[in-house]
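Q: Given next are the chains, with one letter for each unit.
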Amino acid sequence: MTTAQVTLSSGFSRRYTGGRREFEIEARTLRDVIRALDKMYPGLGDHLEEETTVAIDGAIHDAPGYFQKLRQGSEVFFIPKLEGG
Amino acid sequence: MNDVAPSRYKWVGTRPIRPDGVPKVTGRAMYGADLAYPGTLYGKVVRSPHAHARIRSINTEKAKALPGVKAVITGSDFPNQNFEYIGPERVAVNFWHVTRNVMAREKALYEGHAVAAIAAISKEIAEEAEALIEIDYEVLPHVIDVDDAMKPDAPLLFEDMITRGVEPAPTKPSNVSKRLEFAIGDVAKGFKEADVVIEKEFKTAAVHQAYIEPHATIARVDADGQGEIWASSQGHFVVRALTAKLLNMPVGDLRVTPAEIGGGFGGKTVVYIEPVATLLAKLTGRPVKIVMSRDEVFKASGPTSGSSMKVKIGVKKDGTITAAEGTFKFQAGAFPGSPVMNACLCAFAPYVVENQHTVGYDVVCNRPKSAAYRAPGSPISAFAVESVMDMCAKKIGMDPVAFRLKNAAKVGTPMIYGPKLGHGGYIETLEALQQHPAYKTKLGKNQGRGVASGYWFNGGGESSATVQINADGTILVATGSPDIGGSRASMALMAAETFGVDYKNVRAIVADTASVGYTHVTGGSRVTFATGTAVVDASKKAIDDLRARAAMIWDVDVDGVVWEDGCAKPASSNVGDFKPLSLREIAGKAAATGGPITAAASVNAGGQAPGFASQFCDVEVDPETGKVTILRFVAAQDVGTAIHPSYVEGQIQGGVVQGIGWALHEEYIYNPKGQMDNAGFLDYRCPVASDLPMIEPLLVEVPNPVHPYGAKGVGEVNICPPMAAIANAIDAAIGRRMTELPMSPPKIRAALDHSAD
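Sequences listed follow chains A and B, in order.
According to the working numbering, the first sequence is numbered sequentially starting from 1.
According to the working numbering, the second sequence is numbered sequentially starting from 1.
Since the hints were derived computationally from the structure, they do not count as laboratory data.
A couple of the hints might just be wrong.
Here are the simulated DSS-like cross-link-like pairs (lysine-lysine), alpha carbons at most 25 Å apart as the crow flies [said to hold, decoys possible]:
1) B/K420 <-> A/K81
2) B/K579 <-> B/K10
3) A/K81 <-> B/K410
4) B/K420 <-> B/K312
5) B/K10 <-> B/K540
6) B/K673 <-> B/K747
7) B/K192 <-> B/K406
8) B/K312 <-> B/K151
9) B/K189 <-> B/K200
10) A/K69 <-> B/K317
11) A/K81 <-> B/K245
12) B/K673 <-> A/K69
13) A/K69 <-> B/K420
14) B/K282 <-> B/K62
15) B/K192 <-> B/K316
16) B/K445 <-> B/K627
17) A/K39 <-> A/K81
18) B/K317 <-> B/K395
19) B/K541 <-> A/K69
20) B/K203 <-> B/K673
21) B/K504 <-> B/K24
Just chain A, with the same shape it has in the complex:
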């Protein structure tokens, strides 16, 4: 299993994780990350899926998808959802 470095935005962590922002999670896909965080903070998974844009190794994905693959040491940032014009 690979390990991902996962970071939540400060606003998000304030609301849902008591301020904790950084996590090391064993994960092959983003689904594994969401599942692990939801286990630690029940209900968090839904919030992550609905309310965030995710950056994986710098590449931005508008909406988190279970299928997104991670590599060893992948940096995963959940950031506020973005909208364009």
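Here the structure of chain A is known, so what remains is to put chain B in place on it, guided by the hints.
A: Leaving out everything else, chain B in the frame of chain A:
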């Protein structure tokens, strides 16, 4: 027009004639106002003349009794919505607010706010009915300016609004809906390390997207509750979702057909009249059509925010930026939801700045609710940041392009929003300016040159496409993306490239909500990237099917068939001696090989690359009148791969033109009663052709490896640099730092009457 690099593609990168051109130039394209059903009623929205007023009562009885009037509705006819912010930060939607923006209830919050609507058999009768509606207003003090709205004694739009994002939560209500804060590093330490620190305050005016086509819709609801909407929008799936939610209808009961659209620029990603027309249609059993006037478009649809900002940047003498800080206060309009978060995130994104801190305030005031406008938020903060960047370069004696190059973000640069930058392209835009022959030319008296850059995230997300192979071998590509920037041409080009067939054999259309899978709005510069990915995926699925059918025709294994140059071919001579089968030949045997050949694909496209733009312009200032003439405008942008270069150039030129208008001319002007005084194109001064030089686009191609053809979003970032580029050029011309938009002749004259900083 500049030539892009020689392409490895046959169709991608070419400039075929646009498929929607003929109906548009012959006047036959069907826009929002062009459809009429038999028996259609005229829908009219009654609007508040007051900037801020409590609605004590509305009596519609006399209007309803007028012969020819079929229905009159007010806010209370819409279902209640819960007060809750659904979704995240910038895009959090509170339907308690949305339904009140569609039609006021307790209060009218801006001039033009809808308070009632009429469906009648003619325009004249609807106007007569409007005069019969009795509305008892208690006129309240209003507030227009963002700084005024933040004052402790400001009139409150919502007496119970407590600022979100402040801990502990304030005990008193205010007009500040939300406070946001982002930081990396240690700005205090960074500023201590600087040799030069420059801090400046800026203000920008609210400006409208000024799309040529006003909002228009026609709705019909049948006796079984099934409804149809025809509307000009940037996203018919979003029109369907919002209308269904606001009217408490099942999504499946609404079918929305996209009309041609005469511009949107972000402003047509929300609904105003669609739920009103649909409710009137439901009540009357007749189709109802509503078309906004230009006056209504200005007063009652969303411009982008005006702002008040403070930016501080510290640099070393060698040009290294050590720290940057920004405070951004944005007008949200009458309901929360300005793009201030984007301003905070994009402000310093083009640069390597270890120590950054941005704070944003979302502030309600008695203006129409702001809506998205091309890279929403980023052009506003870019005006302040890029102006201070210019001041820093000047102070340390560095060329402004060289200064930006020294600090340019690259792959791996930490961004204030958390991750490291995943895609490059910025440096290449600066190098393109540096290498442009006009960059070093000498200028005359009262002339100056200005440089600025911009950053925008670009978008991806959910899109769908279907591909059909017709009996004659031609291909139909259907997507759910309204075509605003040439997407039919670019979708057809990508399909032609994937199939290996001639572009003229591919027809791309925009399908309604019942005919293709969900597709998010045409916005965020997402369509070529996300919908293009769906088109390529669907094309590949169709090719796999075509190979399988060729294998059936040849009685060989499918692995023995390859697809090349628009034909099925044997993978090797071992497979057999078969003549290539064309699309037409395979389509001719469709029935025998399994029926119609179709394929669909839906994607949640991720990994979009952000957009970077760098521009320089030359201006001449008339010291007597204060008029600024743009002499030259050169706009470089990283476009990934230009799928249809002419459309890409058009996007760049369009963004720059809108930026020039924002910089020099455009603003909402309010009278002391809080009413807009310039709600028409004669007085709201958009740039016209005679105001503009040739805008020279420089297409920088740094392909996005995630997209099948390397596409990046190209529609938005081009509007980020112009305001600062022009301000910097004016400073170079006359030695005056303009800090307030628009930089109109009276402001230039006033600046010339004062000594330089």
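Q: Now, for every hint given, state plainly whether the structure supports it.
A: Verification of the supplied hints:
no. : hint              : result
1   : B/K420 <-> A/K81  : holds (17 Å)
2   : B/K579 <-> B/K10  : holds (23 Å)
3   : A/K81 <-> B/K410  : holds (23 Å)
4   : B/K420 <-> B/K312 : holds (23 Å)
5   : B/K10 <-> B/K540  : holds (17 Å)
6   : B/K673 <-> B/K747 : holds (24 Å)
7   : B/K192 <-> B/K406 : holds (20 Å)
8   : B/K312 <-> B/K151 : holds (23 Å)
9   : B/K189 <-> B/K200 : holds (20 Å)
10  : A/K69 <-> B/K317  : violated (44 Å)
11  : A/K81 <-> B/K245  : holds (21 Å)
12  : B/K673 <-> A/K69  : violated (57 Å)
13  : A/K69 <-> B/K420  : holds (18 Å)
14  : B/K282 <-> B/K62  : holds (21 Å)
15  : B/K192 <-> B/K316 : holds (10 Å)
16  : B/K445 <-> B/K627 : holds (14 Å)
17  : A/K39 <-> A/K81   : holds (23 Å)
18  : B/K317 <-> B/K395 : holds (9 Å)
19  : B/K541 <-> A/K69  : holds (22 Å)
20  : B/K203 <-> B/K673 : holds (22 Å)
21  : B/K504 <-> B/K24  : holds (19 Å)
Taken one by one, the earlier hints fail for this structure at numbers 10 and 12, listed in ascending order.
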